[in-house]
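Chemist: One-letter residues, chain by chain:
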Amino acid sequence: MTTRHARSDLAGRRPDASMTLLTEVSSSSLDEGYALVARRRAAGLEPAPRATSRVLTAVVAAAVGLALCAAALALHQPTASAQKAREVLESRIVERNDEVAALQGEIEDLDAQITALQSALAGSASDRLDPGPAVTVAAGQVAVSGPGLRVELADAQGSDPDAPDDDSRVQDVDLQVVVNGLWQAGAEAVAINGQRITSTTAIRSAGSAVLVDLVPLSGPYRVEAVGNAVTLQTGLARSSAGDLLTALRTTYGIGVDVSRQDSLEVPRAAPVTLRYARVPDDELPPALQPTPAPTSAAAPTAPPASASAAGPSAPGRPVSASRARVAVSATQVADTQRSSPTGPGEDRS
Amino acid sequence: MIAVIGLVVGVVAGLALQPTVPAELQPYLPIAVVAALDAIFGGVRAMLDGIFDDRVFLISFLSNVIVAALIVFLGDQLGVGSQLSTAVVVVLGIRIFSNAASIRRHLFKA
Chain A
1 MTTRHARSDL
11 AGRRPDASMT
21 LLTEVSSSSL
31 DEGYALVARR
41 RAAGLEPAPR
51 ATSRVLTAVV
61 AAAVGLALCA
71 AALALHQPTA
81 SAQKAREVLE
91 SRIVERNDEV
101 AALQGEIEDL
111 DAQITALQSA
121 LAGSASDRLD
131 PGPAVTVAAG
141 QVAVSGPGLR
151 VELADAQGSD
161 PDAPDDDSRV
171 QDVDLQVVVN
181 GLWQAGAEAV
191 AINGQRITST
201 TAIRSAGSAV
211 LVDLVPLSGP
221 YRVEAVGNAV
231 TLQTGLARSS
241 AGDLLTALRT
251 TYGIGVDVSR
261 QDSLEVPRAA
271 PVTLRYARVP
281 DDELPPALQP
291 TPAPTSAAAP
301 TAPPASASAA
311 GPSAPGRPVS
321 ASRARVAVSA
331 TQVADTQRSS
341 PTGPGEDRS
Chain B
1 MIAVIGLVVG
11 VVAGLALQPT
21 VPAELQPYLP
31 IAVVAALDAI
41 FGGVRAMLDG
51 IFDDRVFLIS
61 FLSNVIVAAL
71 IVFLGDQLGV
81 GSQLSTAVVV
91 VLGIRIFSNA
101 ASIRRHLFKA
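Chains as they are written, first to last, in my numbering: chain A, 1 to 349; chain B, 1 to 110.
The shape of chain B in the complex, shown without the other chains (with noise of 0.2 Å):
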């Protein structure tokens, strides 16, 4: 839960001040986004399965970001950027679904 509070009072700091990202940086943002919505709809999903946890959250959640900003910074060097930001993009994006799916069940029991 302290996890959720942090990362809501981050959110917040950052929409009051701003901050801008490294150029160098600005190629992974669109797969980090992705794969930090992947973890938070993970989180929710335990929250509300009821085996929530912090740490769990927050290591998930960084790994993510970066192994997927890795993936895409390897593919970038051999050449095969966007095909690997399509396969981040895929396994991310059906695991968002499913969750989201878990998710909808937990909160309308259909």
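Isolated chain A (complex conformation) (with noise of 0.2 Å):
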């Protein structure tokens, strides 16, 4: 090496002095060996090969063959392995999907049976049992189409999605306050993307998404009241949602969209379940009870059995009670900070 480097300092810089390495590698790719046991052979310096080296060449080629053989294939092997877990992930996959709908289904059938149980009592029932539609609808028990408004609210444009900045985005806390300033306005029917806004539902945040009801939702959000447009969209300019709208609209640039609906179409809750409340025995309604009763015996104060499916709000008091209590915290919200972690859902329940 340090012989041809001064050779090629005598002769002036090789045109390739900078690619020695690359030149080394290629121009001397045969092993040197060949070249100089060829040359002893040629200078008669090389001995015959004796039977027992030929032996011996023979049974390392073969040791050899077989190692380079056995490194191939497992090299190979990984490769099956990792389709064939691949395969179980997704016939596993496969398997929890077909069990999901199965489940759904059994959801549904189950939600099919509640419902027409429900039916029947009521309709075997007096008429009492029958809580009108007022109880039914602020329960969210049946789905509700008419006129009313819509907000939609969408992420502010140009936030990159891979940093979101909080500020930009739709949190909880501003569908709270649209929700409670449309039911301060006089909504009958709130929903979000689909989801039915009841007494019992959480508009809360985990993460990036609002989950409303535990269902998690995306923008754009779409809350849909229905109630009397004209006195809804006056309603909720002037409430503290309207303020906040305005806010939205202009300090952080989220897309905010008010706008009457000739009709809307929302969607049914799900079922309320009684967890603790029971009817007691003897104040059963004669159609209820398991042994024939008079049928003056009915008490005109006792609760209607189907009270369960009036949910929170109790049958008899006048629904805008909930509402009250939903007014009350959407002032609470006018005065919490926009960035606080901690929402008004913690206030309401």
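Check before you lean on any hint, since a few could be wrong.
Said to hold, decoys possible - Restraint-style ranges between C-beta atoms, simulated for each label pair:
#, chain 1, residue 1, chain 2, residue 2, range
1, A, 45, B, 86, 39 to 49 Å
2, A, 193, B, 76, 52 to 62 Å
3, A, 99, B, 5, 55 to 65 Å
4, A, 83, B, 16, 16 to 26 Å
5, A, 15, B, 70, 30 to 40 Å
6, B, 79, A, 246, 56 to 66 Å
Stated by the list, open to error - Covered stretches of chain A, as calculated for chain B (at least 3 residues, CB under 8 Å):
#, stretch
7, 16-29
8, 50-62
9, 65-76
Said to hold, decoys possible - Some chain A residues flagged as far from chain B (calculated, every beta-carbon gap over 12 Å):
#, residue
10, 112
11, 133
12, 198
Derived by calculation from the structure, the hints in this document are not laboratory data.
Ideal placement from N, C-alpha and C gives every residue a C-beta, glycine not left out.
Need the complex rebuilt from these two chains, each delivered in its own frame; the hints are there to steer you.
Modeler: Structural data, given as structure tokens:
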């Protein structure tokens, strides 16, 4: 190496001096042992191979070939096992998906059964068991359609989806304030992206997603309220929600679109289940009592058995009672900081 | 020539027996196979040059594989295993290419 360098220094800089490594590698690609042995053989220095060395060569070559084959097979193996693992995972995913579909079908069946039983109950009992449309609508137990107001909130444009800025996104607090403002303005039924809002629905955020009734929603958020569209719009504009909407639009660049709609469809909420309340046996309406009883025994003050359908807002109580509570928290919201991590959802519960 | 026959016998036996390689040796297999390929191409070129020798072929084969595996092992211990593997693959790759080019000149005179 050094001698070669010295020579190149004498003859001036070689044109490929900067590539000596590459030239070295490609010019001496053949093992020099071959040339060496050939020279020695030509000079008659190499003795003729003996029988034992021939056998040894064959054995070593066979062993090397075996090892090479084993290596190649072992290198081929992992892809096969990875493929197998992938297939197992795929089949498991398909299996679980089928399970989910089956369970969802079961849920639908059971829901239908509950509704059928409740309607059978209402039909068999007296009219008092029917809580009336005001209660069932307020409790979100029936789908509702009619004119109303639609408020669309969209995340601010131009915000980087990889590094979202909290202030440029629609947050749970914003939706809470808008929904409360709509209730305050006299909405009869409210839904966000098709999720019905009832007095027990929570609007919360989990990470960057907004959960409505534990269902994650993504923007743009469509808040639809059924009611007198004109009253709703003026009421919303006058409430604290109106101020918030203006602030969202001007300060944070969030897309706000309030529009009156001639016909809105608001779906029903999930059926309400009674957990603790029981109707005493002797207070049951006649149709539900196990043994025949005098028809006049049903006390007029007895709570209807289908109070379950009415949910937390008790029948007979004005529906606006729950709204009044909601309205209080709406004013609270106006005071809270927009970026505060705890929304008024906690206050409401 | 005996070495080539032995090698072919070994490969056939390996295909028939399907031997397994110990898990500790697995990381060195890719480099070892590249080194073996280099030795095989060198052997073929030597054969076409008329200077093939069984002993040189076998020794170059074994030393290539062992040195390549040793370099990777050392690199793993030093934390530069992937870089050293790349270096070995580059050098052996260039050698394989130039040997293959020489073989091609011998076979097709082009």
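Chemist: Hey, is residue 133/A genuinely clear of chain B, shortest beta carbon separation above 12 Å?
Modeler: 71 Å, holds
Chemist: Using the beta carbons of residue 99/A and residue 5/B, state whether their distance is inside 55 to 65 Å or not.
Modeler: 59 Å, holds
Chemist: For residue 83/A and residue 16/B, compare the CB-CB distance with the range 16 to 26 Å and indicate the outcome.
Modeler: Given about 24 Å between the Cβ atoms, the range holds.
Chemist: For residue 198/A, which was marked as not at the interface, is the minimum beta-carbon distance to chain B over 12 Å?
Modeler: The assertion about residue 198/A holds, with a minimum of 59 Å to chain B.
Chemist: When you take the CB atoms of residue 15/A and residue 70/B, is the distance between them in 30 to 40 Å?
Modeler: 36 Å, holds
Chemist: Could you let me know if the closest chain B CB is still more than 12 Å away from the CB of residue 112/A?
Modeler: 56 Å, holds
Chemist: A range of 56 to 66 Å was offered for this pair. Does it hold for the Cβ distance of residue 79/B and residue 246/A?
Modeler: 59 Å, holds
Chemist: Cut-off 8 Å, C-beta pairs, minimum 3 residues; does the coverage of the stretch 65-76 of chain A by chain B stand?
Modeler: Per the Cβ count (11), the hint holds.
Chemist: Count the residues of the stretch 16-29 of chain A with a beta-carbon closer than 8 Å to any beta-carbon of chain B: does the count reach three?
Modeler: With 5 residues closer than 8 Å to chain B, the stretch 16-29 of chain A meets the three-residue bar; holds.
Chemist: Indicate whether the distance between the beta carbons of residue 45/A and residue 86/B respects the range 39 to 49 Å.
Modeler: 41 Å, holds
Chemist: State whether the coverage of the stretch 50-62 of chain A by chain B holds or is violated, taking the criterion as 3 or more residues with Cβ-Cβ distances under 8 Å.
Modeler: Holds: 8 residues of the stretch 50-62 of chain A have a Cβ under 8 Å from chain B.
Chemist: Has the hinted range 52 to 62 Å been met by the Cβ atoms of residue 193/A and residue 76/B?
Modeler: This hint holds: roughly 54 Å between Cβ atoms.
Consistency with the previously given hints is maintained throughout, with no hint failing.
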